Amino acid sequence: MEQSLSRRRFLAAGARGLSAAWVATHWPAVLAAAEHAHKSTLAAAPAKFEFFTPEEAKEIDAITARIIPTDDTPGAREAGVVYFIDRGLTTFATDDQKTYREGLPELQARVTELFPGITKFSALTADQQDEILHTFDEQTARARRPFRARPGAQNFFDTLQQHTMAGFLIDPDYGGNHDGAGWKVIGREREHMFQPPFGYYDKDYPGWEAAMKDMEKK
Amino acid sequence: MSVDQPKYKTSDEVDFVIVGSGAAGGILAKELSSNGFRVVVLEQGPYLTEADFTHNEIEILAEDKLTNHPKLQPNTFRKTPDEKAKPQRALVYGRCVGGTSVHFTANFWRFHEIDFVERSKVGAVPGATLVDWPITYADLEPYYTKVEWEIGVSGLAGASPFDPPRSRPYPMPPLPVKSSGVIFERAARKLGWHPFPAPMAILSQPRPGRSACVQCGFCLSFGCEVGAKSSSLVAAIRVAERTGRCEIRPNSYVHKIELDANGRAVGAVYFDEKKTTHLQKAKAVVVCANGAETPRLLLLSANKQFPGGLANSSSLVGKNLMFNSGGVVTGVYEHPLNDYKGYCVSRVLHDFYEPDPQKVGFYGGGGLDARYDFTPISFAFGGLPPGTPRWGKEFKATLAHNFTRTMEIFCHGTSLPVENNSFSLDPDLKDAWGLPALRLTYKDHPDDLKLTAWLFERANAIHEAAGAVTKWSFPPQEQQFGVHLLGTCRMGNDPKTSVINPDHRTHDVKNLFLCDGSSLVTSGRGQPTMTIMALAFRAADRITALAKRGELGA
Chain A
1 MEQSLSRRRF LAAGARGLSA AWVATHWPAV LAAAEHAHKS TLAAAPAKFE
51 FFTPEEAKEI DAITARIIPT DDTPGAREAG VVYFIDRGLT TFATDDQKTY
101 REGLPELQAR VTELFPGITK FSALTADQQD EILHTFDEQT ARARRPFRAR
151 PGAQNFFDTL QQHTMAGFLI DPDYGGNHDG AGWKVIGRER EHMFQPPFGY
201 YDKDYPGWEA AMKDMEKK
Chain B
219 MSVDQPKYKT SDEVDFVIVG SGAAGGILAK ELSSNGFRVV VLEQGPYLTE
269 ADFTHNEIEI LAEDKLTNHP KLQPNTFRKT PDEKAKPQRA LVYGRCVGGT
319 SVHFTANFWR FHEIDFVERS KVGAVPGATL VDWPITYADL EPYYTKVEWE
369 IGVSGLAGAS PFDPPRSRPY PMPPLPVKSS GVIFERAARK LGWHPFPAPM
419 AILSQPRPGR SACVQCGFCL SFGCEVGAKS SSLVAAIRVA ERTGRCEIRP
469 NSYVHKIELD ANGRAVGAVY FDEKKTTHLQ KAKAVVVCAN GAETPRLLLL
519 SANKQFPGGL ANSSSLVGKN LMFNSGGVVT GVYEHPLNDY KGYCVSRVLH
569 DFYEPDPQKV GFYGGGGLDA RYDFTPISFA FGGLPPGTPR WGKEFKATLA
619 HNFTRTMEIF CHGTSLPVEN NSFSLDPDLK DAWGLPALRL TYKDHPDDLK
669 LTAWLFERAN AIHEAAGAVT KWSFPPQEQQ FGVHLLGTCR MGNDPKTSVI
719 NPDHRTHDVK NLFLCDGSSL VTSGRGQPTM TIMALAFRAA DRITALAKRG
769 ELGA
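Going down the list, the sequences are from chains A and B. Taken in order, the first sequence gives residues 1 to 218; the numbers are from the working numbering. Taken in order, the second sequence gives residues 219 to 772; the numbers are from the working numbering.
These are calculated hints, taken from the structure and not from any lab test. Be a bit skeptical, because a hint or two may be false.
[What the hints assert, rightly or not] Computed beta-carbon distance windows for the label pairs:
{"#": "1", "chain 1": "A", "residue 1": "ALA109", "chain 2": "B", "residue 2": "ASN521", "range": "52 to 60 Å"}
{"#": "2", "chain 1": "A", "residue 1": "GLN195", "chain 2": "B", "residue 2": "GLY341", "range": "18 to 26 Å"}
{"#": "3", "chain 1": "A", "residue 1": "LYS213", "chain 2": "B", "residue 2": "PRO426", "range": "45 to 53 Å"}
{"#": "4", "chain 1": "A", "residue 1": "ASP130", "chain 2": "B", "residue 2": "GLY579", "range": "32 to 40 Å"}
{"#": "5", "chain 1": "A", "residue 1": "LYS213", "chain 2": "B", "residue 2": "ILE353", "range": "34 to 42 Å"}
{"#": "6", "chain 1": "A", "residue 1": "ASN155", "chain 2": "B", "residue 2": "GLY341", "range": "16 to 24 Å"}
{"#": "7", "chain 1": "A", "residue 1": "LYS203", "chain 2": "B", "residue 2": "GLU769", "range": "53 to 61 Å"}
{"#": "8", "chain 1": "A", "residue 1": "ALA126", "chain 2": "B", "residue 2": "ASP646", "range": "48 to 56 Å"}
{"#": "9", "chain 1": "B", "residue 1": "GLU675", "chain 2": "A", "residue 2": "GLU191", "range": "48 to 56 Å"}
Quick caveat: nothing in here was measured; it's all calculated off a predicted structure. Here a beta-carbon is modelled for each residue, glycine too, at the ideal position from N, C-alpha and C.
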């Protein structure tokens, strides 16, 4: 399991870009912070779930895998989003516990209403799963409305959608985005600091004075 | 990091107690303690330092680690005074040592000459309480220069033909340009406009104990891990501490200014971390709690002598609130800009600072900047074009393609002062300490919305000239939420129409001073912190002179 910590590598990179005085003053404190972050990361991929039952975790994982699907690049599943959410529900998102506890059964009720005989979201095909999730698109839901209105389920899907974004895209040092999978997808380099040129349009920038002169010539 | 701080007793009558340690409070602490005074700074938030600052978006987005907390400090909102306000988050401000200057973007424009004399120049604006400042740009210029040199501002003097006069160049060169800045600069020049390197309160060169910017990309909303952002925390508080005369007391929530029978302030009453109440005695009180909490504290301090709130004989405490108008026009380009790298803003344009109201049909002006102020998570929520699905294959593809190819043009503008726009005490809702919550009343002056729409047209023209693949904006909307908290205890010569005099002394209480966004008379064109810091340097000089003349004594 890769534990390459960007913050630690940032420190290991030494004084590149950092003033020696700053490093001398702050190194011990920042190192301590990096150690703490390192330990949190280790704790962030637990062998067992803290909030979800294994059955619930399987359902949540299946939903997140449709929110950010796996194709030729990693999706929510590869980023371990379900672990991030599980940990979140016992730390920063304790307020959302009720939303999950009540919302998942309501979503599963939609599964049974649309696909009689099936009780689990994870038991559906990918297309069927998408059909369930499309019932949360407001307009579609209004057009079809094959089930009883359950605002709790709507709230649950919105919350889960947000938590999936967070778990997919957070700095990998903080308990999600396993192996930087989300950042690979969006093209964010996993470095703690950068130097110019940053992108395509500034790489040939001649500098302020020269750019002014170029403009005057034209 | 507490360095050689004295520990005063609450019963020690120190020279000054300062409420709040942000852009103004930090500077005043530095200046007053450097001038030989004994100072206690009471900060409601915790004392965090570089080692506490991370790139953890959850701490910032979900836990409000650096800012006021919506659960502990709920707010209400209404548009007009005849409505009943409903619970709704109405503002964000820094709640830690250093205040909002810890997490801000660090745009550091000076106000221009016009900002101080607008009323004289353009005349009365219907529906607005626009007045001139009692001081001018020339009065403040030396202090703008002081801010730039003392806290560290990078920029290029003379690069904007619209810049007001300055007595010294910037102390250090601009930060490196970003792709968004190059796109913006080339297109704006094509259109005949005058983009220039953004003045930023971020170090482009190291200073003792502080690194130059390492371009980490977690700037807006985050504390700087290397001390490159010139917050009060790193640029002022630490200097104050080194005098040996200044105590920074965090987790101290001031909720009352105590007066004696003669109507003089005797100190500040606060809750400590355990909600135990203390009175810190002082010869004078300086409130720098921001444009929302400063008026709230005055209103909370109402007593028999001042039943309408302290220093409120004008009835203007909390009123004439200005947020700054504005919004973004977003563009997506063919190639990766990788603007997620580095600080937010590298180019600014001030060609529209003073449009002629007769020609454009509204009052006000603005500035445009080229920026990228997203983090990966905030981009997924707020950076995608309208109509993008919220989940699934197409969502993922758009996210993956756009993250590195997006930039924004932010249109910053005037908010006209309107007397009904205010912070006041909610009659029902209480905070976690049982005190009345902040109630926001706000409805933009119609000209502010016209101005924003007009600036959007110019921003669209830049994206167009730059060859953006797609671009979009949302129609300007009336604001219900603010981060620039301005004008609520305005400065003026007349006690009937202002709360503080040009020395920042309240007209009603001789040893009570206010200095922060609340002091501003007009909103400028969008970037108030530079002016708040300049005012704080100036206020420190004025207060020191008064103290040395014995005008603060008992």
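Right, here's what the structure says about each hint:
1. A:ALA109 to B:ASN521: 52 to 60 Å: Taking Cβ atoms as reference, ALA109 of chain A and ASN521 of chain B lie about 59 Å apart, which means the hint holds.
2. A:GLN195 to B:GLY341: 18 to 26 Å: Given a distance of about 51 Å, which is not inside 18 to 26 Å, the answer is violated.
3. A:LYS213 to B:PRO426: 45 to 53 Å: Distance hint for LYS213 of chain A, PRO426 of chain B is violated at roughly 36 Å.
4. A:ASP130 to B:GLY579: 32 to 40 Å: Between ASP130 of chain A and GLY579 of chain B, where Cβ atoms are some 50 Å apart, the hint is violated.
5. A:LYS213 to B:ILE353: 34 to 42 Å: Holds, since LYS213 of chain A and ILE353 of chain B (Cβ atoms, about 40 Å apart) stay within the stated range.
6. A:ASN155 to B:GLY341: 16 to 24 Å: Given a distance of about 52 Å, which is not inside 16 to 24 Å, the answer is violated.
7. A:LYS203 to B:GLU769: 53 to 61 Å: holds, 60 Å
8. A:ALA126 to B:ASP646: 48 to 56 Å: holds, 50 Å
9. B:GLU675 to A:GLU191: 48 to 56 Å: violated, 38 Å
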